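A.B. asks: Sequence:
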Amino acid sequence: MTSKGQLPPTPTSANSATSKKVVLVTGGTGLVGSALRYVIENEPVGSPYGRQDHEEWVFLSSKECDLRDIEQTRKVFQKYSPDKVIHLAAKVGGLFANMSSQHTFLRDNLLMNDSVLQISHEVGVSKVVSCLSTCVFPDKVTYPLTEDKIHIGPPHSSNFGYSHAKRLIDVQNHAYHDQFGNQFTSVIPTNVFGPGDNYELHTAHVIPGLIHKCHMAKKNNTAFVVFGSGRPLRQFIYSRDLAKLFLWVLREYKDIDPVILSVAEHDEVTIKEVAEAIVEAMGFTGPVEYDTSKADGQYRKPASNDKLTRLMKESGSADFEFTPFKTALKDSVDWFLANYENGARI
1 MTSKGQLPPT PTSANSATSK KVVLVTGGTG LVGSALRYVI ENEPVGSPYG
51 RQDHEEWVFL SSKECDLRDI EQTRKVFQKY SPDKVIHLAA KVGGLFANMS
101 SQHTFLRDNL LMNDSVLQIS HEVGVSKVVS CLSTCVFPDK VTYPLTEDKI
151 HIGPPHSSNF GYSHAKRLID VQNHAYHDQF GNQFTSVIPT NVFGPGDNYE
201 LHTAHVIPGL IHKCHMAKKN NTAFVVFGSG RPLRQFIYSR DLAKLFLWVL
251 REYKDIDPVI LSVAEHDEVT IKEVAEAIVE AMGFTGPVEY DTSKADGQYR
301 KPASNDKLTR LMKESGSADF EFTPFKTALK DSVDWFLANY ENGARI
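In UniProt numbering, the protein residues as written are 1 to 346.
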């Protein structure tokens with residue numbers, strides 16, 4: 001019998017004479033954790049983005065361990081004895097939640113990050129890859145965003161608690177490496193979407209929120225209303241592409257400094273293009289309206305993936321290709337429709 005969250009048993013288990021190397025994923029049931037599990041289970045064993053013969057993967061959920069509690073964290077690490085860790089767990093929320101609970105977002109994330117990194121250090125984890133966010137970048141910054149701009153100014157005041165907690169992972173990574181030689185690093189994804197996302201109308205990010213709104217418009221025979229003009233540009237990364245890049249970072253990336261994981265700047269899409277792709281994937285034939293009384297937000301905030309592209313080429317992974325946006329969006333719509341009646345994170 002396997003523990004909850006593990007992949008199905010293989011002929012050689014982690015507890016047999018020939019021990020496998022455990023990769024522990026915190027936040028293993030979230031959007032990116034679910035995508036990692038999908039890729040690991042569906043790519044051929046031994047392939048660049050599949051499970052390796054020597055690996056056993058454990059996807060940890062908050063139900064099994066409260067990572068804010070260092071003793072619980074210590075016990076779960078002792079249970080699984082991970083060789084590597086992908087740290088995705090975080091307290092996240094929308095704009096209002098962040099603005100009204102800065103201390104909670106700061107402290108909860110600080111405690112989780114401290115527990116994971118300190119216990120990883122104590123038990124001799126060979127590598128930790130943590131997940132940051134583009135909100136770590138300064139509010140006032142020149143574009144495109146690059147990895148060397150994280151600490152040159154304060155983040156936006158609306159989510160300073162969460163942003164500083166995420167920034168400090170980079171500081172902690174360097175401190176552990178400088179003093180102890182630990183191979184702790186981090187990645188910065190751009191806007192992630194995909195199957196298993198949060199599609200709840202009032203808390204979802206732009207793509208899952210628009211998918212849900214379009215479905216309701218089709219169901220109720222009403223207009224599909226998109227807030228704003230539709231002109232702003234964003235870089236979106238499909239969660240299963242991001243999962244593959246996480247695997248590349250885990251296996252090939254040697255730096256302590258973070259690396260941005262994103263499509264290229266020229267692959268930005270407008271919110272209008274997003275809405276049109278959703279209409280096509282959903283088979284919606286009603287009117288589409290843009291409510292320009294609602295703010296557009298920032299017109300664009302591009303991030304450079306030059307470092308990622310260069311290093312993947314140097315490591316022999318230059319053949320990696322991002323899933324075409326419309327294909328990835330169709331996958332997300334299909335997942336939503338298949339799970340809508342079950343209320344899966346919707």
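Hints listed in this document are in silico derivations from the structure and should not be mistaken for laboratory results.
Here the structure is a predicted model, which means the values were calculated and not measured.
Please note that a few of the clues may not be correct.
Claimed, not checked - The calculated label-pair distances, taken between Cβ atoms and stated as ranges, are:
(1) Val45 - Lys326: 39 to 47 Å
(2) Gln179 - Phe284: 15 to 23 Å
(3) Gln78 - Glu252: 23 to 31 Å
As the list claims (entries may be wrong) - Quick list of in silico lysine-lysine cross-link-like pairs, DSSO-like style, CA-CA up to 27 Å:
(4) Lys301 - Lys140
(5) Lys149 - Lys75
(6) Lys63 - Lys84
(7) Lys149 - Lys21
(8) Lys84 - Lys313
(9) Lys21 - Lys140
(10) Lys254 - Lys330
(11) Lys218 - Lys254
(12) Lys21 - Lys254
(13) Lys272 - Lys313
(14) Lys294 - Lys218
(15) Lys127 - Lys213
(16) Lys254 - Lys272
(17) Lys149 - Lys63
(18) Lys63 - Lys75
(19) Lys294 - Lys84
(20) Lys213 - Lys140
Quick reminder that beta carbons are idealized off the backbone N, C-alpha and C, glycines included.
A.B. asks: Checked against the structure, which of the hints given earlier come out wrong?
C.D. replies: Hints 1, 2, 5, 7, 9, 10, 11, 13, 15, 16, 17, 19 and 20 not satisfied by this model.
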